[in-house]
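**Q** So the chains spell out like this:
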Amino acid sequence: MSLSTIMMNETATQVLVVDDSAADRNLVRLSLQASTHPYDLEYAERLSEGLDKLEKRSPHIILLDLNLPDSQGNETVQRVTDKAPDVPILVLTGSDDDHMALEAVRTGAQDYIVKGKMDGYALTRAMNHAIERHQVLGALRQSRQTQLDFKDKFLSHVSHELRSPLACIHQFVEVMLDGLAGPLTAKEREYLQSILRNAGQLNNLINDLLDAASANVGKLTIEPERVEAGDVIGQAVLMLGPKAKTRGVNLVTRIAPPIPPLQADPRRLLQIFINLVENALKFTDAGGEIEMRASIFAGDPTFVRFSIADTGRGINPENLKLVFDRLYQEQNAASSRQGLGLGLTICKELVEQHGGHIWVESNLGKGSVFSFTLPTFSLPAIVSPILVREGRLQQATLVAIEIARGSQTVTDELWELTRRRCRAIVERCMLPDKDLLLPYTLALERREMMFVLACADAPGAAVLEKRILGMLFAAPQVANSCVYDVSCIALPGMPADKRQLEEQLEWVCEKLEKAIQKAGGS
Amino acid sequence: MNLSKVLIVDDNIDLAQALEVRLCANDYQTLVARDGSSAVALALDEMPFAILLDLHLPDEDGLAVMQRFRSFPELSSVQIIVVSADCSPVTQHKALEQGAHAFLEKPVNHHLLLHTLRDIQMRSTDPEHLKATTHTYPL
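Protein sequence lines correspond, in order, to chains A and B. Residue numbering for the first sequence follows this note's numbering, starting at 1 and increasing by one per position. Residue numbering for the second sequence follows this note's numbering, starting at 1 and increasing by one per position.
I should point out that these hints are in silico values taken from the structure, not numbers from a laboratory. Because the structure is a prediction, the values reported are computed rather than measured. Be aware that a few hints might be false.
One side only, chain A facing chain B, incomplete, derived with CB under 8 Å [unchecked claim]:
no., residue
1, His160
2, Thr411
3, Leu417
4, Arg421
Simulated coverage check for chain B against chain A, where a stretch passes if three residues somewhere in it have a Cβ under 8 Å from a Cβ of chain A [to be verified]:
no., region
5, 14-26
6, 101-113
Once the Cα atoms are required to be at most 35 Å apart in a straight line, the calculated DSBU-like pairs of lysine-lysine come out as [unchecked claim]:
no., chain 1, residue 1, chain 2, residue 2
7, A, Lys83, A, Lys153
8, A, Lys187, A, Lys245
9, A, Lys151, B, Lys94
10, A, Lys366, A, Lys321
11, A, Lys243, A, Lys153
12, A, Lys466, A, Lys434
13, A, Lys466, B, Lys94
14, A, Lys153, B, Lys94
15, B, Lys94, A, Lys434
16, A, Lys53, A, Lys115
17, A, Lys245, A, Lys321
18, A, Lys466, A, Lys511
For each residue, glycine too, the CB sits at the ideal point set by N, CA and C.
One chain only, chain A, in its complex shape (with noise of 0.2 Å):
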């Protein structure tokens, strides 16, 4: 409710004061009691019981003491403003912590007010303060938002409308290059495949607005799954590789030790590197030398680190905290093709959504490092949510699905759509809390392995393993470009002694793991 409302209806503003000194609740008591406009008060001594109020009802404002029986200083207002982040504070302090007021403006209070110095009018004139305040940096907020909502859906819209004629472009083009309007003499035929090169490069851009439109409003997706990053790293290279070359560029890797998988989204991993790697191109000239680099992250073990370095101009100092930010351009870039400025932002999404860290080191004119984080795999991490309940580890059985090419005329496009056709055909037959479709597919010649984790016994597990072997049965595509078999592999039951949880969940995953290797074996 904002202060005019209040202040015109003369309905009685509703304060909570949290404050263990008796006195000087009195003191607020005594300095509202003057005034002609009614306050409604209510008391709290310990934060604990100041939240619980909270809960029940929300106050106006919320008069603060930051040093508490079971909270102090800044922890105070930040406890409050997670509870309550639409109720204005106003912080109660000594005389001489100016400086901890300011922080506790900082961290989320609307003003503070010196007890010592305090009278009614100085008191009423901070809580409106506050009140109003809190209104309009409320109302800012939320127009910032109107506003930003409003440029992603533009975006969105625009990057939507600007795919369609450039598919009609480069549907065309392939029928030319096809030869389905006549023959072509070698100079159009080098026309025609620049046009479809800079159509698939105009696409590349478009793709990335949609990437940072749907960052923006937290809609970009990822699919983690146990990844090998050296194979990431591979296809990385043997994309951008040429690129380097023409460039005169040097692209290496240096992976080293050995790095356990990761948990994350090849396709978004493939992503980052693509994006950093293309950064690092515009600012490295001939010459120079681009390193891809992989280790075992020295802050976390559980988390590997990730580096692209070059030997280009560098960032300047003053420039290094704006290089993730939407739009960001470097000026001095080695290239005229300097992209939209997107890169790096939808880099750091990704790297974050995966629960990673992004980061750049520059030195000017020597060159930069990107560095990134991103988790290890942990099959415990992954499926104690399903197997673990009410603390004790409860009984699975592991339920393979293998599918196979049906022919030699499955063309690799198509083979790509039937097996993404039967995942989602097999998450479909899954109960979204007692089965977990486990991140390992086993990539054999010419068939694959999914293994889904069930939480249920052998005949439960039975149950599952029919449905989806009725579902693929009635999918038509799947029918015709693939043959499957559904089974099921019993795990080996607990061990008799006692262990903890963890310990038991660690054995369990081990068989996991082995059960599945064996069945890749088979």
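Go by the hints and put chain B onto chain A.
**A** Leaving out everything else, chain B in the frame of chain A:
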């Protein structure tokens, strides 16, 4: 049902034409509709065996058009291939779940398109395939 006729539903006439050229070169007959309503009417008149359906249509959402196709029993064996520039997992999932035979991203990969069409033709001519698709597994 005509096993060489394909209906293309797209409001971008140029794009529809590009697809027509590609399909005609591979011995298909093509029909083009620019919006959902005329697509349904044309499908009922001409009985194509497959429909290439854009999701972004001027009169209504492509998925709603798909539902309308599905409401005519005489069109029940016509396969719908969704063609869209929006290839987000959510959209793909929705389209497949509502009964699309396949989902192709724009610009359309013509190898994949031709393979998918041949797959549908084969299924319609081979009674064994037909049996397989209508069978439901006993639970």
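**Q** Each hint should be assessed against the structure and marked as holding or not.
**A** Now for the hints, and whether the structure bears them out:
1. His160: holds (6 Å)
2. Thr411: holds (6 Å)
3. Leu417: holds (7 Å)
4. Arg421: holds (7 Å)
5. 14-26: holds (count 7)
6. 101-113: n = 10 at 8 Å, threshold three: holds.
7. A:Lys83 <-> A:Lys153: holds (32 Å)
8. A:Lys187 <-> A:Lys245: Distance of about 25 Å is within 35 Å: holds.
9. A:Lys151 <-> B:Lys94: holds (26 Å)
10. A:Lys366 <-> A:Lys321: Holds - the C-alpha atoms of Lys321 (chain A) and Lys366 (chain A) are around 18 Å apart, at most 35 Å.
11. A:Lys243 <-> A:Lys153: Between Lys243 (chain A) and Lys153 (chain A) the Cα gap is close to 34 Å, so the pair holds against 35 Å.
12. A:Lys466 <-> A:Lys434: Satisfied, since the Cα-Cα distance of roughly 16 Å is no more than 35 Å.
13. A:Lys466 <-> B:Lys94: Distance ~24 Å between Lys466 (chain A) and Lys94 (chain B) Cα, so the pair holds.
14. A:Lys153 <-> B:Lys94: holds (21 Å)
15. B:Lys94 <-> A:Lys434: Given pair Lys94 (chain B), Lys434 (chain A) holds - Cα atoms ~23 Å apart, limit 35 Å.
16. A:Lys53 <-> A:Lys115: Judged against 35 Å, a Cα distance of about 23 Å means the pair holds.
17. A:Lys245 <-> A:Lys321: Roughly 30 Å between the alpha carbons, so the hint for Lys245 (chain A) and Lys321 (chain A) holds.
18. A:Lys466 <-> A:Lys511: Status holds; Cα separation ~24 Å.
Violation of the numbered hints given earlier is absent; every hint is satisfied by the structure.
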